[in-house]
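Please model the entire structure based on the sequences and the hints provided.
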Amino acid sequence: QQQVKQSPQSLIVQKGGISIINCAYENTAFDYFPWYQQFPGKGPALLIAIRPDVSEKKEGRFTISFNKSAKQFSLHIMDSQPGDSATYFCAASMGGGGADGLTFGKGTHLIIQP
Amino acid sequence: DAGVTQSPTHLIKTRGQQVTLRCSPKSGHDTVSWYQQALGQGPQFIFQYYEEEERQRGNFPDRFSGHQFPNYSSELNVNALLLGDSALYLCASSSKYRNRELFFGEGSRLTVL
Numbered sequence: 432q433q434q435v436k437q438s439p440q441s442l443i444v445q446k447g448g449i450s451i452i453n454c455a456y457e458n459t460a461f462d463y464f465p466w467y468q469q470f471p472g473k474g475p476a477l478l479i480a481i482r483p484d485v486s487e488k489k490e491g492r493f494t495i496s497f498n499k500s501a502k503q504f505s506l507h508i509m510d511s512q513p514g515d516s517a518t519y520f521c522a523a524s525m526g527g528g529g530a531d532g533l534t535f536g537k538g539t540h541l542i543i544q545p
Numbered sequence: 641d642a643g644v645t646q647s648p649t650h651l652i653k654t655r656g657q658q659v660t661l662r663c664s665p666k667s668g669h670d671t672v673s674w675y676q677q678a679l680g681q682g683p684q685f686i687f688q689y690y691e692e693e694e695r696q697r698g699n700f701p702d703r704f705s706g707h708q709f710p711n712y713s714s715e716l717n718v719n720a721l722l723l724g725d726s727a728l729y730l731c732a733s734s735s736k737y738r739n740r741e742l743f744f745g746e747g748s749r750l751t752v753l
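In order, the protein sequence lines correspond to chains D and C.
If you're matching positions, the first sequence starts at 432 in our numbering and goes up one per residue.
If you're matching positions, the second sequence starts at 641 in our numbering and goes up one per residue.
Hints listed in this document are in silico derivations from the structure and should not be mistaken for laboratory results.
Computed from a predicted model, the values in this text were never measured in an experiment.
No incorrect hints appear here.
Only pairs whose alpha carbons sit at most 27 Å apart, straight line, appear in this in silico BS3-like list of lysine-lysine:
| no. | chain 1 | residue 1 | chain 2 | residue 2 |
| --- | --- | --- | --- | --- |
| 1 | D | Lys488 | C | Lys736 |
| 2 | D | Lys537 | D | Lys489 |
| 3 | C | Lys653 | D | Lys473 |
Residues from chain D that face chain C, not an exhaustive set, calculated with beta carbons under 8 Å:
| no. | residue |
| --- | --- |
| 4 | Gly472 |
| 5 | Gly474 |
| 6 | Pro475 |
| 7 | Phe520 |
| 8 | Phe535 |
Just a few of them, taken from the derived set where beta-carbon distance is under 10 Å, the chain D residues facing chain C:
| no. | residue |
| --- | --- |
| 9 | Tyr463 |
| 10 | Pro465 |
| 11 | Gln469 |
| 12 | Ala476 |
| 13 | Leu477 |
| 14 | Ala480 |
| 15 | Ala522 |
| 16 | Gly538 |
Ideal Cβ placement from N, Cα and C applies to all residues, glycine included.
So, in structure tokens, the structure goes:
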């Protein structure tokens, strides 16, 4: 089965610090790599996404770094704030003729301490 | 602009029963996907509907079925419920023009006793 492996399972970062979450994938046919943020009782919300022809993408305080040869990608949250405390999921999908189903990692529970 | 809406928000069923969950996509979206999220896990893809047809399916048994209506809303049906079907069921919508960008609803929490 196609897998996306995410680490760490949980992470505690001080306010103002950098939060880093890593993911690794196996299927080289994956061509779309989004990150989702989920608060308790809510559905996942798309944060930022990258395609394999780009090594880095930045949106505000959120940056995705992508290493195609290592089949790894990571999310960096700069200047982490208590409001960033949530569960983060990496995901991957293949293209083809349409939007294929996303394969999610198991999630990282992030706590930002004030 | 309403986002993705799902109903019911919570429900309790007994093993062997059947359940129907409903989803209205975000305005302007024509594609609906369903995901199952067990407690403490990432969502797992069940299937996707476009133009009232199942376009893609994940690794779920035939007990899981769905439907999409002409107004793009969708239903997820699960027959012969098992204890392991207890989960948060998430609906996500997207448009054919930006079909990778999924917008999720808040989900329907199903408990099977």
